[in-house]
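J.: Each residue of the sequence shown is one higher than the one before, counting from 0 in numbering that gives the first Met the number 0.
Be aware that one or more of the hints could be misleading.
To be verified - For each label pair, taking beta carbons as the anchor points, the in silico distance ranges come out as:
hint, residue 1, residue 2, range
1, 80, 138, 31 to 41 Å
2, 108, 67, 12 to 22 Å
3, 16, 87, 36 to 46 Å
4, 138, 20, 37 to 47 Å
5, 71, 134, 19 to 29 Å
6, 134, 101, 33 to 43 Å
7, 46, 101, 21 to 31 Å
8, 93, 71, 41 to 51 Å
9, 34, 174, 19 to 29 Å
10, 166, 70, 38 to 48 Å
11, 46, 120, 28 to 38 Å
12, 156, 8, 16 to 26 Å
Please keep in mind that the hints were generated in silico from the structure rather than gathered at the bench. Note that the Cβ used here is the ideal one computed from N, Cα and C, for glycine as well.
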Amino acid sequence: MKPKSALVQNHTPFYYPEFTNELHYECELVIRISKNGKYIQEKHASNYYNGISVGIDFTARDIQNELKQKGLPWEKAKSFDNSAAVGTFVDITPSLNKKNINFSLSKNGEIVQTGNSGDMIFSIDAIVANISNYFSLNIGDLVFTGTPSGVGECIVGDVLQAYLEKDCLLNLDIK
């Protein structure tokens, strides 16, 4: 869960937080909720979202490790201002095969993460159904679906670009 202040839009500079010395990127598929819902059955989940994009879930890894050692929640490390970068959304159409969506992240022009929705532990519909058992989903909510291998550190001066298939939907400069 991230507060509204966590969201940073495409083509907006991302400023490296001064409270961390180890900032990591985690590229993920992001789903846009289009209908309010609670206790959604998996077979109906696709009726509750209409857009897909790529995003970066930033983590202050040093802060997270400190919190883990103390058995504390990770919000300070995961939910800080601008910790959720989201690209331009693409409408989900019936022709989109949600079980075979490629996405990737490049850092300074080099691909550092690649994923496919078919390799996710849980399907998009299963994720939406599951979280709706705990949280009411509201129009405009964004669901980050999880990250593939390749998570890594970023520093000031890096340029991160996230792709859905071959389309760059997110371009972020680390300042």
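J.: Look at each hint and say if it fits the structure.
T.: How the hints compare with the structure:
no., hint, result
1, 80 to 138: 31 to 41 Å, "violated, 23 Å"
2, 108 to 67: 12 to 22 Å, "violated, 33 Å"
3, 16 to 87: 36 to 46 Å, "violated, 24 Å"
4, 138 to 20: 37 to 47 Å, "holds, 38 Å"
5, 71 to 134: 19 to 29 Å, "holds, 21 Å"
6, 134 to 101: 33 to 43 Å, "violated, 28 Å"
7, 46 to 101: 21 to 31 Å, "holds, 25 Å"
8, 93 to 71: 41 to 51 Å, "holds, 45 Å"
9, 34 to 174: 19 to 29 Å, "violated, 37 Å"
10, 166 to 70: 38 to 48 Å, "holds, 42 Å"
11, 46 to 120: 28 to 38 Å, "violated, 23 Å"
12, 156 to 8: 16 to 26 Å, "holds, 21 Å"
Hints 1, 2, 3, 6, 9, 11 from the list above are not met by this structure, while the remaining hints are.
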